[in-house]
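Here is what each chain is made of, one letter per residue.
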Amino acid sequence: MAPPFLDRWSDSSALQLGVLGVGNIGMVHLKSALAMPGVDVVAAADAMPANRDKAASAGATRTYDDYTTLLEQEDLDAAVVALPPFLHADAVECAAEAGVDVFVEKPLARTAAEAEAMIETAREANIALGVDHTLRYQPDMTGVKEAYDEGSVGHVPYASITRLNDHPLGKPPADEAPPAWPMDPDAAGGGSLIELGVHCFDLLEWLFGDLEVQDATMGKTLNIPAEDAATVLLRAPETETTINLHCGTYQWEQLPEVNTRLRLEGVTGTISNKEHMPGNFYAGAAKAALSNVASRFTGGEPDVFGPTFYLQAHYDALEDFCDAVRNDEEPPVGGELGLRTLELAETAYELAAEGDGAELEPPEVMT
Amino acid sequence: MSVHVAGIDAADRRGGWIADTDARLASFESPARSVLEPYVSSLTAADRITIVPDAHYPFHPSTGMVTDPAVVGSIADHLAGWTEADVAVAGASDDRIAFDRTAEYLSYPDIVERFGAEIVDLADESRRNSVVTVDDEQVSVSVPERLLDSTVVVVPTLRPTESGPVAGGMRALGRLVSSAADAESTAVAATRTVEPALSVLDATTAFAGDPIAADTLFAGPTQQVDALASSLLERSIDEDPVLRAAFGVEEPSITVENAGGSGPDVDLTTLRRRLPNGALPPRDETHPAVTLAYRLYARVAGDAVPPQLESGR
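Here the protein sequences come in this chain order: R and B. Heads up, the first sequence is in full-length UniProt numbering, so the first residue is 1 and it goes up one at a time. Heads up, the second sequence is in full-length UniProt numbering, so the first residue is 1 and it goes up one at a time.
I should point out that these hints are in silico values taken from the structure, not numbers from a laboratory. Fair warning: there could be bad hints in the mix.
List of simulated lysine to aspartate or glutamate pairs, EDC-like, C-alpha gap at most 16 Å [as the list claims (entries may be wrong)]:
(1) K220(R) to E104(B)
(2) K171(R) to E257(R)
(3) K145(R) to E265(R)
(4) K274(R) to E257(R)
(5) K171(R) to E253(R)
(6) K171(R) to D210(B)
(7) K145(R) to E205(R)
(8) K220(R) to D166(R)
(9) K145(R) to E275(R)
(10) K171(R) to D284(B)
(11) K220(R) to D20(B)
(12) K171(R) to E162(B)
(13) K220(R) to D356(R)
(14) K274(R) to E146(R)
(15) K274(R) to D140(R)
To spell it out: a stretch of chain R is covered by chain B in this simulated footprint if at least three of its residues, at any positions, have a beta carbon under 8 Å from a beta carbon of chain B; those stretches are [claimed, not checked]:
(16) 27-41
(17) 219-226
Glycine residues also receive a C-beta, built at the ideal position from the N, C-alpha and C atoms.
Isolated chain R (complex conformation) (with noise of 0.2 Å):
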């Protein structure tokens, strides 16, 4: 059990927040930050200046062109780490030497290896470490939960799980500048299977257990330096499941439609996260809008994000940590887990390899 956080945060004012990168995915995490209660959103740090004006515009009250800046000059009581993975143990290491707890975004880190420093910075340092792991916050997903806990199915002895988006080179027209870093093995820590796999790992440890990686094979469809295809066969033991989870960046995404599909096969019928997701998505947002709307006249607080369900995910995924560090918990999605789904995906592009006959590297021996 680990020991509680510093009681860093213990008067009643507001948790005092900052957004470490302000692209896609930080602004997410910024606008959810602004929407929540308790919380303010002291400051935001991107690179590019474009960036920051749009976080200033949302609501950051000061910006920063260098997050190291922005942890040695505020005074904060959390970070989110939104920078492209390469980034983020140097910022956790920043934010660890300024007592800051930190929210990563998904992958923790490029590898286990990094990820278990990254643990092991923040545990010396007392933070608290989170990971933004989100399809276990979608409601499609704790619907399969719900109904797999409840043994509506009965047994399940097959799984599948699908994840695809065109991340980041899109679809036509394309006239925005595709980074070249998620595609880089390097810079990223692989591809999409680092880009998507880790977050259905998570999804399906949560719903099964731990898992065992049986097989693997890795795609490319152009010629890029990372797999925009990766197919993994994992066995569950505890729940006697075996599981073919293929994710990919090939294809073409239009919102709001997104392909996340998961099949849990029991013996008395299916679970569909299809099922548990709004028939239509216009009409399912207009439900939320108006229950938010009403909600607001009764006094409620509205669920942010209500009318889209994906980005509400990042809200609640957010609001948990945050909710963790007051209460000076171990965050639900902290970095022991971020780490497993990078073990997993280390043992799937080892067997992928071996798939391929190509050479592995020797282990290291210790003398």
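Use these hints to put chain B onto chain R, whose structure you have.
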């Protein structure tokens, strides 16, 4: 003016796309030779040949949104056999992405360098200014010298632009020059300045709302090929300012000749019927009215406005 057409034998293919590049090169060898052969004399006289594919962005070639690099490789292969010319495959870096990155992602170096062709980024080339008349207006264009000093073969894919008309060879050239004029006048001026020897339309995979394995290559004069492509996608030539300016008051008259080869004969009516006539996917950016409504809702309900509703993804 004749446009030559050749079908690609797809009888043994599974699905609509051959993933193996070598196999695609093999399947294009005969039809590419067939559509190029009528123009051999104009190509063999050249010291330098520049092939200009539609490589505006690294979309997967199976979408039809870019020229299949294997089609370009097949053309380079034939040119290497017929001429002593230095052959280059050219594109240009733009604000979004460097051409060498696009070329690399699409495997151009691996494909064309085996035929002795080089990859050239025209953004790095010196330029010359030229003034041409388009629709009675003087249009000044700054053109990469390579396009002026070499024999140019344009290889567009069969797809529409975002605004609706066919993309075509003239617009492909227009993207490589700079001008203060609008994009349409620039495309016409670029074509008149560069005077491409030939346009090869890659309709092996076409895109018009959805991709389709159309299994066809066309070759001929650039504006005639563009007009034919427009017709195949059921776009009105009168409503395309580039084609309207290119042809003026003349009604395009295009003769299509089957070029033979080992593939099946192409029936244009059947091909036109098979092709979808849709558009590019809609942008993710939400309609301003929806954004406004969401802002109003967010203000009333106390909710946050998703960043995606404020500016692109």
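Which of the listed hints are not met by the structure?
-> none
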